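S.K.: Following the hints, complete the assembly by docking chain B onto the known chain A.
Protein chains: 2
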Amino acid sequence: MARNGFESSDDVRHARPLKHAQQVTFHEPLRLELGGSLREVSVTFETYGRLSPQRDNAVLICHALSGDSHVAAHDEADDPGWWDILVGPGKPIDTDRCFVICPNILGGCRGTTGPNRIDPGRGRPYAADFPAITVGDIVEVQRRLTAHLGIERLMAVVGGSLGGHMVLTWATRFPQQVAGAIALATSARLTSQALAFDVVGRNAILRDPAFQNGDYYDQGHGPIVGLAIARMLGHITYLSREAMMQKFDAQRLQPRDVQTQFETKFSVGSYLAYQGDRFGERFDANSYLTLTSAMDLFDLGETPEKLRATLARATCRWLLVSYTSDWLFPAFQSQELVAHLIGLNQPVTYCNVETDCGHDAFLLPDQIEVYGDLVHSFLVNLQGSGRPIKDGTPPELPEGGLGTPEHTSIFHHDRLDYETILELIPPDASVLDLGCGTGGLLARLRARGHQQIMGVERDEKAILCCARRGLNVVQADLNRGLPAFTQGQFDFVVLSQTLQTVEDVSRILHDMLWVGRRGIVSFPNVAYRRRRIELAEQGRAPRVQGEDGFHWYDTPYLRSLSIADFEEFCREQGLVIREQIALDTEADRRVSEDPNLNADVAVVVLSR
Amino acid sequence: MARNGFESSDDVRHARPLKHAQQVTFHEPLRLELGGSLREVSVTFETYGRLSPQRDNAVLICHALSGDSHVAAHDEADDPGWWDILVGPGKPIDTDRCFVICPNILGGCRGTTGPNRIDPGRGRPYAADFPAITVGDIVEVQRRLTAHLGIERLMAVVGGSLGGHMVLTWATRFPQQVAGAIALATSARLTSQALAFDVVGRNAILRDPAFQNGDYYDQGHGPIVGLAIARMLGHITYLSREAMMQKFDAQRLQPRDVQTQFETKFSVGSYLAYQGDRFGERFDANSYLTLTSAMDLFDLGETPEKLRATLARATCRWLLVSYTSDWLFPAFQSQELVAHLIGLNQPVTYCNVETDCGHDAFLLPDQIEVYGDLVHSFLVNLQGSGRPIKDGTPPELPEGGLGTPEHTSIFHHDRLDYETILELIPPDASVLDLGCGTGGLLARLRARGHQQIMGVERDEKAILCCARRGLNVVQADLNRGLPAFTQGQFDFVVLSQTLQTVEDVSRILHDMLWVGRRGIVSFPNVAYRRRRIELAEQGRAPRVQGEDGFHWYDTPYLRSLSIADFEEFCREQGLVIREQIALDTEADRRVSEDPNLNADVAVVVLSR
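Chains as they are written, first to last, in my numbering: chain A, 136 to 743; chain B, 136 to 743.
Worth flagging that the hints you see were computed from the coordinates, not collected in a lab. Zero decoy hints are in this set.
If chains are identical, the list can't say which one is meant, so a pair holds when it fits in one copy or spans any two.
Subject to a maximum C-alpha distance of 25 Å in a straight line, what follows is the list of computed DMTMM-like cross-link-like pairs (lysine to aspartate or glutamate):
no. : residue 1 : residue 2
1   : Lys441    : Asp384
2   : Lys382    : Glu440
3   : Lys382    : Glu504
4   : Lys441    : Glu377
5   : Lys400    : Glu437
6   : Lys596    : Glu638
7   : Lys596    : Glu471
8   : Lys400    : Asp350
9   : Lys382    : Asp434
10  : Lys382    : Glu471
11  : Lys382    : Glu437
12  : Lys596    : Asp501
13  : Lys400    : Asp434
Bear in mind that the values here come from a model prediction, so they are computed numbers and not experimental data.
Next up, chain A with everything else stripped away, as it sits in the complex (with noise of 0.2 Å):
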């Protein structure tokens, strides 16, 4: 949606006949899970690129509640995409590279069997006899449509919002059939609050006079109010408040001049009552109908544990995404997911980009550099690093120069106790990386041949990094309680320089040795020789290593400790240091003598 006009990237496009699809039906009857069945079911859909010989590179698009086959453009000539910020030649999903496969989806109104479509067994539109579907039948539908294609493993399933819900169907459902799953804005069931919304919508079609209990196409038109009504509110719940006041704040009393018989007094009005209209033209309320219900129905799991054995299902790799301003799919629902599949030891990178777009963040450019990235790091590196990707070079980035030491505690110039913590991690042990930068330490560990390996950081970047290197790193702040590992599922738990910004010293600790057998912390010592000499000598507070840029003002580290400190601590909390080693890293060198003075760089191997 362009943020200042009221065209979205879906409503300037009527129901305009959609010039590269094609169609096939398959005759063999659907058995729908809530009962009922079809007789038939045909599908149109849209392909880009070409598939490779291997039939390795097939990517399929699950478009959202009101989407279509129509995800991008199939050339300079051809009507806009809904998705052209993503899919094409050289773009995230590099149409030159991938075989796209966008279907639209059963129960939709743009050519796949749906309610306005013709029920063969009667010879005139489903209408109000189309039965209830689930998430379910739209992906055994799609499933066909991959067989029939000839690909027995998609590279890749996409999808965000209604389009998740299916990618998560597909890699719990036929697991053998997906390598990666990438899951954008969505959510394992929705809250209740989207739910409510959905059935005030619902509610405004079923009511409308002109509905007549779903047999409405021998009239004039449907339910264009109801469904407008619907529309409206959807609107609301796709922005973000900020996104809304930077949109209608400034102008709040003067209306676009809107040809329409809904309320036109205020800007944001004129717009919902623009984007009602348009909606009613293009889109069926019968369809409408039929996917808010099958959305409202989903449910991956109604229980944690029901969550968890279905996701235990997946033998894919993952990559997820939420909105920082997403209220709809508000990012703990996503959060909810990675929690799940990291204590099923999956491989999953996730992050939560930072954006005010709100739920429609997935189909604006605001921010495609970060999760567009992120998609396209994911699909290269589900090709084998073998292949270049688009410019040719390899996806590294400089250690720590990223620019931005300030935000985040990872950034230090000089990890020389990286040399140190490698050697106290034996071959082929798992070992999971407690902020993780920009993955200088994974990238060693996966060079050295490990295979169990996982980052979590709080630096959007940084995760960006860590991607574009291959590595599974979760987003999260570590303040905020370790992701839900499970007891002992890593070998090594490492905290390297991050033990200065914790809150939570003792839980932290402790949670690192619940879910490793042994947990390495490195962490600068306040008791080394100099930073004796500055207090004692200078009366001046002691800056610790790392600190080379920070003041006793500026400095983001919330505690300083000594080496004495931290053995004291550990006796206190029954932690037991089985390995210490001490560095001084100013002169390169270890330190065997008197380390609480001489070392200004500890790194401890700790067990409970």
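M.R.: Relative to chain A, chain B alone:
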């Protein structure tokens, strides 16, 4: 609203007659702000308690969109009122002490002149001919009522949401008639998001075929479907997402058995259907259109300059309360008002009450101990400290004795620096205390006769203490920037034992010297002899004064600094140290020789 049932405090009361309601008719025509006029105006109202002989204890309560005059039960046999938690004998708005007046508002449908009342000029209901009104018109009618009751000056005007808009209008239009203004969950104007929800609700009514352009009173029923849709939508916006999760998530697919023509597939759906149907039985669609339009048009000032100019007319004391999970009238909107009020040097107390009840919070018992207490303390202080509050004891709390020292930086047991700070402030100086805690310093200043004193504090309980003491305190987190005081607004700005918790030291010091002519900063000195010994001889991270209960691993303090560090910083920043008093609080004496070694606390007077 009961959190686990369907009944809400206002929906259980159908349109029963109001037993204790009185009515008065004003025959003087009412000229309306948007043009047009009403030939006469009738007002239905209820009163509680007795007007004092001095006529100085009247409290006007302004109801919100769907409220009425029945704010509280008059006796045990009476129907419940919509604000029984706040209004009654011994309640925060104590009808044993206050004379409470609650009128049904102009445009409403419960007795006061509105679309469903007889137009005296035509002998039938106004219906579609009821003119567009504003919040100003509503207040003008309330003003006629208070004049009729012989009240020249209201002790307080109280209201939440749309009722808060009336409070703001009263205080700025009739400043001489308002001693105290209590505005809960309100704003200078709606957000575009809130306005958009109103637009959708109105469209549902306007396009309901039964609406008949508003002339539906002769029909069997009015646009009850559209009104129900609007109410369902409203209900979603009154609740927080968290509240809806608690209410509906566990039993999403188990709807209550509700007789309705709306969808009841989901638990939340049956709730909305019930609420929508009930609302249609007791509320009038034309009133809904009239009042939501008045609310949507309300704007206390379209620009910051206009808003400030409007608020500048007020002469009352202010209490503003927002609720953290209120997304319909989000906290930033109350904070916008507060920012202007403090810039205007008006006496204001503000608290953002932590709750997950959403916009409805101001009507619910959750957290009533916080906002009820704020309201009660505010009214008691308005009535003057000479009168006892209900339990007969003065509202004092033990200094620093709230039992939660770990949540805020300012609860130190010994505040020897207070006496030093008091010595540094001349009599009658105006003082702003940043991080004022429970108001210890401010109370001492007031006892010494200072008139212009104010505090900023982030802790809710500490603010409650200040409010009980009758001190003006605004809730704000200094790490999000200083509230919007004006240049040179105070003679002195104090930052007492707070610097160590501040993220941006440079900004806060410069800000305080913009707001005040002088700044007074007290902070613990990390280079105090004992601290030097801890590090130099014992190899332990130095602990600062005030950290008696804290260790390196649990201190909430972000910074540690020495007197020498601070002096250097001031030099670099161009800040002038005009006076410096060094204390050895352990020995309870001032230090003159080598303070950086011998003092554990420094008190510094700064200027630019």
